[in-house]
Amino acid sequence: MRRFFAAETRAPSGAGRVLGVSDVAAARAVLAVDPVSSALAGARLADLDPGGRQGGSFWGFPATGALRAVCWSGANLFPVVPLTGSDRAEALDAFAALARAEGRRSSSVVGETAVALGLWERLAPTWPRPREIRADQPSMMIAREPDVEPDPGVRRAHPDELALVLPASVRMFVEEVGYSPVAAGGSAYERRVRAHLARGRTFVRVERTIADEPFVAFKAELGAVTPSVAQVQGVWVDPLRRGRRLSESGMAAVVVATRRDVAPVVSLYVNAYNEPALAAYRRVGFEQVGTLATVLF
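Going by full-length UniProt numbering, the sequence shown opens with residue 1, and the numbers climb by one from there.
Derived from the structure by calculation, the hints contain no laboratory data.
Where a beta carbon is used, it is the ideal one built from N, C-alpha and C, also for glycine.
Hints may contain errors.
Ranges of calculated distance between the beta carbons of each label pair, as one might list FRET restraints [as the list claims (entries may be wrong)]:
1) V177 <-> G85: 29 to 39 Å
2) A124 <-> Q288: 23 to 33 Å
3) E145 <-> T64: 40 to 50 Å
4) G20 <-> G153: 16 to 26 Å
5) G20 <-> E213: 49 to 59 Å
6) E190 <-> R283: 11 to 21 Å
7) V177 <-> R242: 34 to 44 Å
8) G243 <-> E213: 15 to 25 Å
9) A279 <-> V177: 38 to 48 Å
10) P130 <-> E190: 22 to 32 Å
11) Q288 <-> G185: 46 to 56 Å
Based on the sequences and whatever the hints tell you, model everything.
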């Protein structure tokens, strides 16, 4: 396991550095500028364990002085750069230098559209060609009661329901990304699903087949959680149950439970071309507050 905050290391250009434990408060302040769009990075910061470990590193800009931008480098490369003009360009140059020095280890580059694509533009000459670039992903949030009646059948999945939830999670992933996360026999995806179950971050509606076998009709996960924002990911409805607006009533139930028990703001982001999903989230009461982009490898 890599250290979450490593010993201080500067980018080759000298403009950025790997953050240390003493930088946590300053990093938190940068993320607080836009806690919704930076939720994924904020969750990594919130999950910092007492030993300072996590599956990646935080980078900061500039190398000296007050921290003005940060970047999470782990399974995702997530720059948070609340700057404009030449300041933004310098921060992205610094993070690109650190990323080139480290080598690609992330499966995606994610962030506010101009920032994520700006970082990718700097990395494209040396990094492998991506499988897909999703440049228009509306970032949405709700901080009130939903406009749709919550589905009373939606509940938190239990930790012992892995055998029930994992197949639905895999089907969702295949539909969303285009390949199976377990096809190569790896266990990382299963561990992720198991971890969400253990932390009470998976919501399901379970129905039964004609043969009285249980199956997941609706699911959603809290993929990133901070004290102020919970980001919903992995929303999925079984194909045999689509067209019944389960995504609307299901998401309404997730919003109510999450705002009551986890965080006051519930967010998500979705591909702009997924018009049915956008319409469903709007009916629930979500409003667009920004746009993200994802570069997938």
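Status of the hints after comparison with the structure:
Here the CB-CB span from V177 to G85 is close to 34 Å, well matched to the stated 29 to 39 Å. Between A124 and Q288 the C-beta distance comes to about 28 Å, which sits within the given range of 23 to 33 Å. For E145 and T64, the hinted distance range of 40 to 50 Å is satisfied, since their beta carbons lie about 46 Å from each other. Taking the beta carbon of each, G20 and G153 are about 47 Å apart, not inside 16 to 26 Å as hinted.
Between G20 and E213 the beta carbon distance is about 52 Å. The supplied range of 49 to 59 Å therefore holds. E190 and R283 have their C-beta atoms about 33 Å apart, which leaves the hinted 11 to 21 Å range violated. Our hint of 34 to 44 Å for V177 and R242 is violated, since their Cβ atoms are close to 19 Å apart. Between G243 and E213 the CB atoms are about 22 Å apart, so this pair conforms to the stated range of 15 to 25 Å.
At about 22 Å, the CB distance of A279 to V177 disagrees with the hint of 38 to 48 Å. One distance hint, 22 to 32 Å for the beta-carbon pair P130 and E190, holds here, with the actual separation near 25 Å. For the pair Q288 and G185, the beta carbons lie near 39 Å from each other, so the given range of 46 to 56 Å is not met.
Hints 4, 6, 7, 9 and 11 from the earlier list are contradicted by this structure; the remaining hints agree with it.
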